[in-house]
Every structure is written in C-alpha cells, then in structure tokens.
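Top line first, the protein sequences correspond to chains A and B.
818 is the number that our numbering gives to position 81 of the first sequence; each next residue is one higher, with no gaps.
280 is the number that our numbering gives to position 6 of the second sequence; each next residue is one higher, with no gaps.
Calculated from the structure, these hints are not laboratory results.
Mixed in with the good hints there might be a few duds.
As the list claims (entries may be wrong) - Computed from the model, here is a short list of chain A residues facing chain B with C-beta under 7 Å:
#	residue
1	T764
2	N767
3	N768
4	G779
5	L780
6	L783
7	D803
8	S834
9	Y835
10	Q836
11	F839
12	K841
To be verified - Listed below are the simulated EDC-like cross-link pairs for lysine to aspartate or glutamate, each with C-alpha atoms no more than 16 Å apart in a straight line:
#	chain 1	residue 1	chain 2	residue 2
13	B	K331	B	E349
14	A	K841	B	D314
15	A	K844	B	D314
16	A	K806	A	E790
17	A	K807	A	E790
18	A	K807	A	E742
Ideal placement from N, C-alpha and C gives every residue a C-beta, glycine not left out.
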Amino acid sequence: SQQGEEDPQALSIQEGENATMNCSYKTSINNLQWYRQNSGRGLVHLILIRSNEREKHSGRLRVTLDTSKKSSSLLITASRAADTASYFCATDGWAGSYQLTFGKGTKLSVIP
Amino acid sequence: DSGVTQTPKHLITATGQRVTLRCSPRSGDLSVYWYQQSLDQGLQFLIQYYNGEERAKGNILERFSAQQFPDLHSELNLSSLELGDSALYFCASSYRDNPTGELFFGEGSRLTVL
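Next comes chain A alone, as it looks inside the complex (with noise of 0.2 Å):
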C-alpha cells in the first residue's frame, strides 16, 4: 500500500507560475525525499529532508515539512516548461525493514 499521498493528482499551469505540489503519509519517517519522472523515464533525486528540519531549498525548489501534521509541500518557483513531469514523495518508513515508500505523483503541466 502506499505510504505517500500527493495532491493534486495533476496540475497545469503557465510558465512563470509556482506549483506547488503536497504530500501526506502515514507513519514516522526519518527522511522525505521527492523525486521527479519525466513520462516513462526513470525517477530522478530533487531533495530530501530529515525529520528534524522543516523547510529546505535547493534553486527552485523548496520543500517544507510538517511531521505533526505528517505532510510536505514541494515549491516548485517561476516554473519552465521543461519541469513538465511527475513529481512523487518518498518515504522510508519501516515495514519490517526501512522501505522507501513513494505515492501516486502529481502530473504537472507547465505551458509555454
């Protein structure tokens, strides 16, 4: 089953504009990481978080996260039309084992 949970599921926007994607889960974690897939390529590294810290950046990006409310956000500023892709949490809850746990993604459309 899946831990992480993004909403919304798809997203359009212009180009210039932020998007701003969320995501919650259900366990303890020690790190969120977001990843991102451009349609039918693997999964790529954005960022991660630990547990303890509750905002990070990275360019563009920028991701919070709220381990009492149990959700992220992922900032995405003065978007390009080449970030058109999925974007998913990930996290690594235990299951028996760490697992790195990922959600349903969000679609995001950026337009030209």
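Place chain B on chain A using the hints.
Quick look at chain B alone, frame taken from chain A:
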C-alpha cells in the same frame, strides 16, 4: 545518466511465459532495489538486496524472484506471467544498506504481456 543500467528496455511476451530483467547498479553501490510501476498501482516496492543478501521485501508476488550476484548486478525473474504483470520495472541502487538516502534509478524495463 544515473549510472544504473537496466536491460532489456522493452520486452513483449505472452501469458504463462518467464522473463528475466537485469540491473547493473551504480559503481560502488551495494544495494539494489526493484520497483514495479503500473497505472493503477503506482510505484510498488518489490525487493531489496544488499551486498548479495536479501534485505527487505515488499509487495513481491511468489511468482517473482530476484537475486544479487557477487559482482553486485541483480536479476528479477518473473514467471507464469499474467496480463496484469505488464508494467515498468525499475531498478535503483544506493551505497547504504537502507533506503534512508537518495536512490539512483535506471531507465526501467517496460514489460508487455499479451
């Protein structure tokens, strides 16, 4: 390029058949993870090997098996294939024995069962 190599990229086979997917991890990585991605189930963790030993097991069917060889490459064997096994199968690797850090993904093997 993640450094993780998966073969074959595409595979078409019939129900009841058996296939083997191969993964070479990034140089220096000791862990290999297998994931299945389908439209209805999303990305499902199947199994992890670390330095030749099974480390974690997820939603892997009994018809599926995997192993990691001394040179650290891994194979995922899928047998008695069903239509519902059609999916993208990803391999990922990491240095650590657990997935609490970044995983490096291959480009996947797309399996179509007819």
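Hints, one by one, checked against the model:
1. The beta carbon of T764 of chain A is not positioned within 7 Å of any beta carbon in chain B (closest approach about 14 Å), and the interface hint is therefore violated.
2. Because the smallest distance between the Cβ of N767 of chain A and any Cβ of chain B comes to about 5 Å, under 7 Å, the interface hint for this residue holds.
3. A distance limit of 7 Å between C-beta atoms decides the matter here; for N768 of chain A the minimum to chain B is near 6 Å, and the interface restraint holds.
4. The restraint placing G779 of chain A at the interface with chain B holds, with a minimum CB-CB distance near 4 Å, inside the 7 Å limit.
5. With a cut of 7 Å, the hint placing L780 of chain A at the interface with chain B holds, because the nearest CB-to-CB distance is about 4 Å.
6. About 10 Å separates the beta-carbon of L783 of chain A from the nearest beta-carbon of chain B, more than 7 Å, and the hint is not met.
7. At its closest, the beta carbon of D803 of chain A sits 19 Å from a beta carbon of chain B; the interface hint therefore is violated under the 7 Å criterion.
8. Interface restraint check for S834 of chain A: the shortest CB-CB distance to chain B comes to about 4 Å, inside 7 Å, so the restraint holds.
9. Proximity of Y835 of chain A to chain B holds as hinted, the smallest CB-CB distance being about 4 Å (cut-off 7 Å).
10. For Q836 of chain A, the shortest C-beta to C-beta distance to chain B is roughly 5 Å, which falls under 7 Å, so the interface hint holds.
11. With a cut of 7 Å, the hint placing F839 of chain A at the interface with chain B holds, because the nearest CB-to-CB distance is about 4 Å.
12. Interface hint status for K841 of chain A: upheld, as the beta-carbon distance to the closest one in chain B is roughly 4 Å, under 7 Å.
13. For the suggested pair K331 of chain B and E349 of chain B, the alpha carbons sit about 15 Å apart, so the restraint of at most 16 Å is met.
14. Between K841 of chain A and D314 of chain B the alpha-carbon distance is near 9 Å, which keeps this suggested pair within the 16 Å criterion.
15. For the given pair, K844 of chain A sits about 15 Å from D314 of chain B by alpha-carbon distance, which is consistent with the 16 Å threshold.
16. Restraint check for K806 of chain A and E790 of chain A: the C-alpha separation of about 14 Å stays at or below 16 Å, so the hint holds.
17. In summary, the hint linking K807 of chain A to E790 of chain A is supported, as the alpha carbons are separated by about 13 Å, within the 16 Å threshold.
18. Restraint check for K807 of chain A and E742 of chain A: satisfied, since their Cα atoms lie roughly 11 Å apart, inside the 16 Å limit.
Checked against the numbered hints given earlier, the structure breaks hints 1, 6, 7 and satisfies all the rest.
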